[in-house]
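As numbered in mature numbering (1 follows the signal peptide of the UniProt record, and there is no 0), residues -20 to -1, 1 to 317 make up the sequence shown, in order.
These are computed hints drawn from the structure, not numbers from a lab.
These figures come from a predicted structure and were not determined experimentally.
Treat the hints with care, since some could be wrong.
[To be verified] Cross-link-like lysine-lysine pairs, in silico, DSBU-like; alpha carbons within 35 Å at most: (1) K180 x K209; (2) K165 x K209; (3) K165 x K35; (4) K244 x K128; (5) K112 x K172; (6) K212 x K244; (7) K209 x K128.
[To be verified] The following label-pair restraints were derived from C-beta to C-beta distances: (8) L234 x G298: 23 to 33 Å; (9) N261 x G34: 45 to 55 Å; (10) G262 x K128: 35 to 45 Å; (11) K209 x T96: 25 to 35 Å; (12) G34 x K212: 34 to 44 Å; (13) R190 x N75: 34 to 44 Å; (14) R285 x P145: 46 to 56 Å; (15) H300 x N146: 45 to 55 Å; (16) T220 x T148: 17 to 27 Å; (17) W168 x T4: 34 to 44 Å; (18) K35 x E263: 47 to 57 Å; (19) L48 x V290: 15 to 25 Å; (20) H37 x N146: 42 to 52 Å.
Don't be surprised by glycine CBs; every beta carbon is placed ideally from N, CA and C.
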Amino acid sequence: MFLKTCIEIFLLCVSCVSYAQMGTRERVVFYNTENLFDTRNDTLTADDDFTPRGKQHWNRERYTRKLLNISKVLNGLGAGKFPLLIGLSEVENRNVVSDLVNKTVLADGNYGIVHTDSPDTRGIDVALLYRKDSFRLLHNAFFPVHLKSGETTRDILYCEGILAPNDTLHVFVCHFPSMRGGEAKSEWKRVKAASVVRQKVDSIQDIHPRAMILILGDLNGRANTSAQKTLKTRNPESGTIESENFYNTGYYLLGKNYGSYRYKGEWQTLDHIIVSGNLLNGEAGLQVSRRMGIYDADFLLEEERGTFGVRPKPTYRGPHYIGGYSDHLPVFIDLKK
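Start from the sequences, fold in the hints, and give me the full structure.
This is the structure in structure tokens:
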């Protein structure tokens, strides 16, 4: 009887461990941090507003508060565990990213950094944070987006790494050109950026047809724009999922009064997580949901006057310092083994 009981307990423990392993989740996040600048003047970029003597009176106290605010959001997003991968946009340089991961609660996350200074006129870049205990970086590169008339924009960040124990992930982090000058008139710029990403994705799939690929970013447009068509993204909730195709996990938000960004009383989803089909149909070692999440904790929001709604609480509202977090909400998916 004693031996039988011991065997039953052992089998129960084994099944619990197996279930826990099958249920392992790692969170992947993208967050537009809205002007994460340090206080130093960079003579090579147009960052003068974000200096102590600049229009925004950007001083050490405000910078420190910004770092603490962003780290609070990212820590809260982890739901008790630091996110595995964090794509960031609107970071000025490696220094601010380093301060974010070394001088805040994120220091306990043991994050590595992928970043380079891009040619963007404002001096804002993209970056990727990866938790070094679970993700081994193999390779990274930055691909320029060449626009006409000497215009500049953010590079496309790419990295390849191994999620322990042996799942290889390809990750892109993007911040496509803005809608400045009008959405329709500027769409060609985002199409150009999308074509760079698509070319790189095609080259990966030519060599590794079963590659697991994530595209994270503020694409400055909804899920049904020309740029998305250039990326060849599809609705994951319509039709059969095919491994080699790409699916926008925010597609379900089209037409909904909900999103990651609010403009003139209207919610939009400019921030996207796009995945290769094999991450959805069971043909890869990792799986994700067909719907990304939006982290909309109460502390990230403020009332919007005249609309009876709420909006993200930003660092600045026009010229006025608010001391909030960002004018965007972060988006996320969970990788499940």
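Beta-carbon spacing of H37 to N146 - inside the hinted bounds 42 to 52 Å or not: Given a distance of about 50 Å, which is inside 42 to 52 Å, the answer is holds.
Cβ distance range 34 to 44 Å for W168 and T4, holds or violated: Roughly 42 Å apart at Cβ, these two residues keep to the hinted range, so it holds.
Pairwise beta carbon distance, N261 to G34, judged against the given window 45 to 55 Å: 50 Å, holds
Verdict for L234, G298 (Cβ pair) under range 23 to 33 Å: Holds, at about 29 Å.
Hinted pair K112 and K172, Cα distance within 35 Å: Holds, at roughly 33 Å.
Hint check for T148 and T220 - Cβ pair distance inside 17 to 27 Å: 25 Å, holds
Holds or violated: K180 to K209, with C-alpha atoms at most 35 Å apart: It holds: about 16 Å lies between the C-alpha atoms, which stays within 35 Å.
Pairwise beta carbon distance, R190 to N75, judged against the given window 34 to 44 Å: 38 Å, holds
Assessment of proposed distance window 15 to 25 Å (beta carbons of L48, V290): Cβ of L48 to Cβ of V290: about 22 Å, so the range 15 to 25 Å holds.
Straight-line alpha-carbon gap K209 to K128, limit 35 Å: With a Cα-Cα distance of about 21 Å, the restraint between K209 and K128 holds, given a limit of 35 Å.
Agreement of K165 and K209 with the hint, judged by alpha carbon distance not exceeding 35 Å: 17 Å, holds
H300 paired with N146, Cβ distance criterion 45 to 55 Å: 51 Å, holds
Hint compliance for this structure: every hint is met.
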